[in-house]
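A.B. asks: Below are the chains, spelled out letter by letter.
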Amino acid sequence: MPRLSYAAPTSVPDAIKLLAGAAGLAKVMSGGTDLLVQLRSGRTSPELIVDTKKIPGIVGIRETESGFVIGAATSGAEIGEHAGLCAAYPGIVEATNLIGSTQVQGRASLAGNLCNASPAADSVPAVIASRGVAIVVGPNGQRSVPVEQIVTAPGRTSLAKGEFILEFHLPKPKAHQSDAYLRFIPRTEMDIAVVGCGVSVTLDDNGVCIDARVVLGAVAPTQVVVEAGAKALIGSKLDEAALAALDAAARAACNPINDKRGTIDFRVKVAGVMARRTAAIAFERAGAR
Amino acid sequence: MPTISIPSSLRRQFTGGMTQLEVEATTFRRLILELERRFPGLGNQVEESMAIAVDGEIFQDAYSLQLKAGSDIVLIPKIAGG
Amino acid sequence: MSKIHVTTTVNGEPAEFLCEPQESMLDVLRDTLKLTGSKEGCGSGDCGACSITLDGRLVCSCLMLGVEAEGHSIGTIEGVARGDELHPIQRKFLEHAALQCGFCTPGLIVAVKALLEKNPNPTETEARFWIAGNLCRCTGYDKILRAIMDAAAELRGEVAA
Amino acid sequence: MNFVANKSDLKVVGTRPVRPDGMDKVTGKAQFGADLTLAGTLVGKIKRSPHAHARIVAIDTSKALAIPGVKSVITAADIPDIPSEEAFVGEGPTNFRDQSLNCIARDKVLYEGHAVAAVAATSSAIADAALAAIEVTYEVLPHVIDVEAAMAEDAPILFEGMITQGVDPKPTKASNIVKKVAFGHGDWQAGMAEADVVVEGKYDTAAVHQAYIEPHACIASVNPDGQTTIFASSQGQFMIRQYTAKILGMDIADIRVTPAEIGGGFGGKTIVYIEPLAVAMSRQAGRPVKIVMTRDEVFRASGPTSGGTIEVKIGAKKDGTITGAYAMVKLQAGAFPGSPVAPACMCAFAMYDLKNVMAEGYDVVSNRAKVAAYRAPGAPISTFAVESVMDELAIKLGMDPIDLRMKNAAKQGTKASYGPVFPVIGFEEVLEAAKAHPHWTAPLGPNQGRGVATGFWFNIGGESSASVFVNEDGSVSVVSGSPDIGGSRASMAMMAAEVLGIPYEKVRPIIGDTAQIGITGVTGGSRVTFATGMATTQAAERAVDELKKRAAMIWDISPDAVDWKDGEAVPAGANAGGFDPLPLAAIALKAAKTGGPINAEVSINAQGAGAAFGAHIADVEVDPETGFVKILRYTAVQDVGRAIHPSYVEGQIQGGATQGIGWALNEEYIYDKNGRMDNAGFLDYRVPVASDLPMIEAVLVEVPNPRHPFGVRGVGEVPIIPPMAAIGNAIKAATGMRLVSLPMSPPKVRAAFDAAKG
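Protein chains in written order, with our numbering: chain E, 39 to 327; chain D, 229 to 310; chain G, 1022 to 1182; chain R, 14 to 771.
Quick caveat, the hints were computed from the structure, so don't treat them as lab data. Any given hint could be a false lead.
[Stated by the list, open to error] Computed cross-link-like contacts, DSSO-like style, restricted to lysine-lysine with a CA-CA straight-line distance of at most 30 Å:
1) R:K42 to G:K1024
2) E:K298 to R:K643
3) G:K1139 to R:K643
4) R:K183 to R:K193
5) E:K275 to G:K1024
6) G:K1024 to E:K92
7) G:K1024 to E:K212
8) R:K745 to R:K330
9) E:K92 to G:K1139
10) D:K306 to R:K368
11) R:K215 to R:K745
12) D:K306 to R:K183
13) R:K578 to R:K24
14) R:K519 to R:K603
15) R:K76 to G:K1024
16) E:K210 to G:K1139
17) R:K770 to E:K298
18) D:K306 to R:K186
19) E:K298 to R:K121
[Unchecked claim] Simulated coverage check for chain R against chain G, where a stretch passes if three residues somewhere in it have a Cβ under 8 Å from a Cβ of chain G:
20) 26-34
21) 271-280
22) 588-598
From the three backbone atoms N, C-alpha and C, an ideal C-beta is built for every residue, glycine too.
Only chain E is shown next, with the shape it has when bound in the complex (with noise of 0.2 Å):
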């Protein structure tokens, strides 16, 4: 039985040179809420944890001209705490804020939601719904990868050995642009997404949308663009038919498995739901803004 070692390093390099050096299995731990439940229960076993938290400015949010910097690392209390996150981005800081306990929240960050890489997280469809950017760094330098091209498959990221993500980018948002998230759950808390939804949209002075994006989880083996739910958005002032259009595109892309927590015929109809309810929402707060 391998012997686990644990290193904090304080750079980039540093950081980069442990994850790409490890012999075996070497884990990037940010808030560490979710490498700690596999570490027990034994379905991983780590040769190396490398804590990322000790490294400038993974931790923390900064407004730039351009947008936001959220550091991977950054605990979804403090993402919650943000004021000007909050404003611009209420539906990534709903989800985030939904990923677990308060306690959870005290430690999960965006970077361990998305490479845990389950398709339930509850942060990735409303990062993706946004157009969030993972800023990669590894062994080859740094790239900048859409979070939708970040998980593969259940368990699996696109990371390169050696890789790890220091920070998110999020766009300054445009006038009358707004997001929601919403999941359905069978209690109120502490549970995983059975289904849930992102939705980004952007709309025109007379409220008219120009511009949207459906992402859903939990009803894939990744998170689902919802190509068709955009177009049924676009166009429209969500009347009655957008949502039934976007209702009926979202259901169609649904790829679900029956399991512990939904059924298939469940997580179909709910995503349809989900859809509608999450886009009403965005849709009033771009027109409020």
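Please arrange chains D, G and R on chain E, whose structure you already have, making use of the hints.
C.D. replies: Positioned in the frame of chain E, the structure of chains D, G and R alone reads:
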């Protein structure tokens, strides 16, 4: 003499279908002994796994319980709890 | 490989310990530092019985490695009362009978203290969502909520202590 | 002591003081099962079966034993192969052999998670390595999980020799049906023939776990001479002692069990799982062994209570008079006999005054964890079906559902459906209080509905011991044998203070270990405040008698000439002499001179427990698109006899109701196709969280039990019985749909909407 009602599950096994009987007994202990004498096995069964309700009140493991003439006695399983 | 030496602060006092990399903060608190007030109900962050604060922020100590305490400040149930004086939250839990078996109580009190430091005037709904990660199987939460709301009022100075 | 009829005569009983153990619990000092570590303590862990049903071909422990730091490895071969022996331990029927085999499997594993071996090592990591190094060879057998599948002709058989008891003629072929039970009187079929309206339905419920937050934990230490100490969290230290002695073939006197603080039990800690294994390993290793279950182990290998199917048929006249009632209850026992099918049948119709009634049931084994007691064992399952059918009946008759229940309510003198006639009971008072409650008539909005349901539990007495020690300074120590699971120490101190006439704060209650106090049954069955309270009351009375004697000696008068009033000895009348009152403390100070320490110990087998009834009102809002059911308002009315400490009585009701809400909406055991539990954690075994609930209003109705000095009935069981039907009935009112399967989780509710639309 107290009257005792025999539950259906015990009737078949022990009393040949008798539903109610009068038993000469002034205490719970004597009731058990008397039942065992008349229907071998029944007294033991009552002793090991039954409670008795006497005029509505339930008693478990109570040898010294006084029975009155005319008492209405019902055998029920011992009650457990959570 | 040898154990890792960690220097930290626990309940305001300097503390040092040695731990294995995979040991959780909860294991360290309970087994090494003998602070058994933090409880393990699940080991997976789902019950809140091990709630502590890390630099003032509420976390599950079962979801934190002991080594991560290096240079940080840990708060546990053992640090909530001041000497022989209970914190008002502790007192209100007693007055309102907000505990039965008492196993979830330390985690809840730590969680409620974190709530009221952040939001001194929570609505009942806000309080319910804040403690949704603290499972209590005995009380149905009713009396816990009454204790929280009453403690909040007292801490705001709205009612006589 | 005679029954205190007037509440106004009580000074301490009925008040709400702070519990004596509270300070330890809000500061983190209280010692629960996993909190004690002794010098040299080893970590004990258990290897469990990955198969639902398999023959154990071989177990090779040699590699594990060879690991440095491994001090003991045991299998069933290391403990006696005890014979089958039926018994009643604590409050429950049991079989010692089954309990032994449930602690550690001998030839066959009967469920996933069944223990097959255990190790004790110097660290947790070494213990894990040892578990991995134990090689078990299995011959996997076909398994069966569900109750009706297990009853089928061609089902895999768990026990080759099991011939169903209680059926005529006696079967010749083995099956998974342990026994059949039947309760009732009259002719239920004739009753149906008399009816104007007959309603029937088939319902099913899922297995649910007690889900106490503290996992099972113990530490055991065995000396070379066999003397053994165990510190463990449980509902009964004497229960642990008895089982451990029996399973390991030890003398009871060699075992001393100290009760840890218990982090919830609800019935699930009334049997042993780990203590005999810890003792067996400590004996081998010569060092203390501590075993703490993980949450995963708790779900897979302890608890739960049965799921089952229930068919109910009720016939009534147009005016609501029930003419006949029938129920067929099939319950999962898990891997060993012993589902609560008898109380399920006995409680099914106990709320009603019925001329023709029959409840029959089957106890059925299958490849699930052996069931354990859970709050009012069996009653919630059958009552869910009966109270749902009662609701349908009320709808069909066009009657108010409370009126329908009132029309048929059991009262004093009613022949209960399980046999006896009821003494003084408070069901009518409960129904009246429910109907008069503002909740019953409050307005509702769209997609909202209101339901009501009732429930019954016997409550029990049993063996209890208590000692009262009058200390030199006049303070009083009360020792009892009942682990305090929800504030009972406060109740004991209050009852003792009431009898002694001294302030509550002068009485300090503790829980004795098995060497310090007489045998006491488990904390369960809602018996502690009743039975142990009765022992405490009697011990306090004896102390008062002794105090009076001592005062008489001080005054040099006859003991008959001394009365006891407000904590003081006073002359009984003018003829007794003109003495100033002698306070308890003054008498205590002179104890040495008047005959020595003033103590009283009472051990009883308490009889005369008072039956209890409850009625719950639930308001729900149903989301037709997602099937999500939100509890908007909840009121639980219950006859508690008399509340000693009303806050903790309310707490029992609120907690029980909430467990019922979880049972109704989301809690369930989910199995995969291999018979393995798929949701063994708090993430997917969904107990209610704070944000799921409204305030739970507990309404205490007090119809005192004349057989207890303070009128106590027992409160802990009843509140878990009505919620499932109350919520199902509320969903029906909100949507027009009858949900017949628990849990009424969103996928099922949404599917019902879809089915209703066609």
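A.B. asks: Evaluate each hint against the coordinates.
C.D. replies: Results of checking the hints against the structure:
Between K42 of chain R and K1024 of chain G the alpha-carbon distance is near 29 Å, which keeps this suggested pair within the 30 Å criterion. The suggested pairing of K298 of chain E with K643 of chain R holds, with an alpha-carbon distance near 21 Å, which does not exceed 30 Å. Between K1139 of chain G and K643 of chain R, the direct Cα distance comes to roughly 28 Å. Compliance with the 30 Å bound is thereby established for this hinted pair. The suggested pairing of K183 of chain R with K193 of chain R holds, with an alpha-carbon distance near 11 Å, which does not exceed 30 Å.
Simply put, K275 of chain E and K1024 of chain G have alpha-carbon atoms about 62 Å apart, too far for the 30 Å limit, and the pair is violated. Pair hint K1024 of chain G plus K92 of chain E holds up; C-alpha atoms about 20 Å apart against a cutoff of 30 Å. At most 30 Å may separate the alpha-carbon atoms for a hinted pair to count; K1024 of chain G and K212 of chain E exceed this at roughly 52 Å. For the suggested pair K745 of chain R and K330 of chain R, the alpha carbons sit about 23 Å apart, so the restraint of at most 30 Å is met.
Proposed proximity of K92 of chain E and K1139 of chain G is supported: the alpha carbons are some 25 Å apart, at most 30 Å. Distance hint between K306 of chain D and K368 of chain R is fulfilled; the C-alpha atoms sit about 24 Å from each other, no more than 30 Å. Restraint check for K215 of chain R and K745 of chain R: the C-alpha separation of about 16 Å stays at or below 30 Å, so the hint holds. With a CA separation close to 24 Å, the supplied pair K306 of chain D and K183 of chain R stays within the 30 Å bound.
Distance check on the hinted pair: K578 of chain R and K24 of chain R sit about 12 Å apart at the alpha-carbon level, within 30 Å; holds. Our distance criterion of 30 Å between C-alpha atoms is met by K519 of chain R and K603 of chain R, whose separation comes to about 18 Å. A hinted pair counts as satisfied when its Cα atoms are at most 30 Å apart, and K76 of chain R with K1024 of chain G qualifies at roughly 26 Å. At roughly 29 Å between alpha-carbon atoms, K210 of chain E and K1139 of chain G fall within 30 Å of each other, so this suggested pair holds.
For the suggested pair K770 of chain R and K298 of chain E, the alpha carbons sit about 26 Å apart, so the restraint of at most 30 Å is met. With a C-alpha separation of about 29 Å, the suggested pairing of K306 of chain D with K186 of chain R holds against the 30 Å cut-off. Using a Cα cut-off of 30 Å, the hinted pair K298 of chain E and K121 of chain R holds, with the two alpha carbons roughly 28 Å apart. Here the segment 26-34 of chain R counts 4 residues with a CB under 8 Å from a CB of chain G, which clears the bar of 3, and the coverage holds.
Taking a C-beta to C-beta cut-off of 8 Å, the segment 271-280 of chain R contributes 6 residues in contact with chain G, enough for the three needed, and the coverage statement holds. Remark: the segment 588-598 of chain R is not confirmed as covered by chain G, as 0 of its residues place a Cβ nearer than 8 Å to a Cβ of that chain, below the required three.
The structure does not agree with the numbered hints 5, 7 and 22 stated previously, though it agrees with the rest.
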